[in-house]
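Listed below are the residues making up each chain.
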Amino acid sequence: DAMVIQNPRYQVTQFGKPVTLSCSQTLNHNVMYWYQQKSSQAPKLLFHYYDKDFNNEADTPDNFQSRRPNTSFCFLDIRSPGLGDAAMYLCATSRVGRGGSGYTFGSGTRLTVV
Amino acid sequence: DQQVKQNSPSLSVQEGRISILNCDYTNSMFDYFLWYKKYPAEGPTFLISISSIKDKNEDGRFTVFLNKSAKHLSLHIVPSQPGDSAVYFCAASYNFNKFYFGSGTKLNVKP
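Residue numbers (the working numbering), protein chains in the order written: chain A, 1 to 114; chain B, 1001 to 1111.
It should be emphasised that the hints constitute simulated quantities derived from the structure, not laboratory data.
It is possible that part of the hints are untrue.
To be verified - For lysine-lysine, the following BS3-like pairs were computed, each having C-alpha atoms within a straight-line distance of at most 27 Å:
| no. | chain 1 | residue 1 | chain 2 | residue 2 |
| --- | --- | --- | --- | --- |
| 1 | A | 38 | B | 1106 |
| 2 | B | 1068 | A | 44 |
| 3 | B | 1068 | A | 52 |
| 4 | A | 38 | B | 1037 |
| 5 | B | 1005 | A | 38 |
| 6 | B | 1098 | A | 44 |
| 7 | B | 1005 | B | 1056 |
| 8 | B | 1110 | A | 44 |
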């Protein structure tokens, strides 16, 4: 089945230690997104890739970076995780120009910072 | 600034009854709206959508109503089933490729 896969499902990292979360898709969607969701809050868009074009949200901290080496993969790098970065990170994909069913989401990676 | 708001964090309904989940938005430019359903430990999955040119869209037990003048949409589930117990997010977009989410409403359908 075509899908969006996030690895790992659970990630524990040390305060200040760089961590990378990964997302892959078999849908051949050309837009990929990273959302941060903290408990009982709305998912917050961090950035998205429209093909290879990177689009950062104005309030996304510099601590968060992203890479998209090809259509199928997108990575979220947190350079120096703080306790406040503990959250669920959701990857999503969509086809350009028409939301249709909107996004297809992965299952998320829950990040714990110790 | 939260552009999409779901003011009820939780809702409890008896099986067989109607569930009504509400969502308000502030940006009049939004022209496309979605509802997502999320089970624990899973990513959100698409449920139903509505374009701003409509005021109602129905899919089986699920109906979404849009009131543009009030900047309000609602999701009706009739009849509610225990398997509908999940967190429901509404989302809105004005360019199809960037959606703003509400904080979710946790629905509990009691047998």
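Review point. Hints broken by the structure, by number, lowest first?
Key: Failing hints, ascending: 3, 8.
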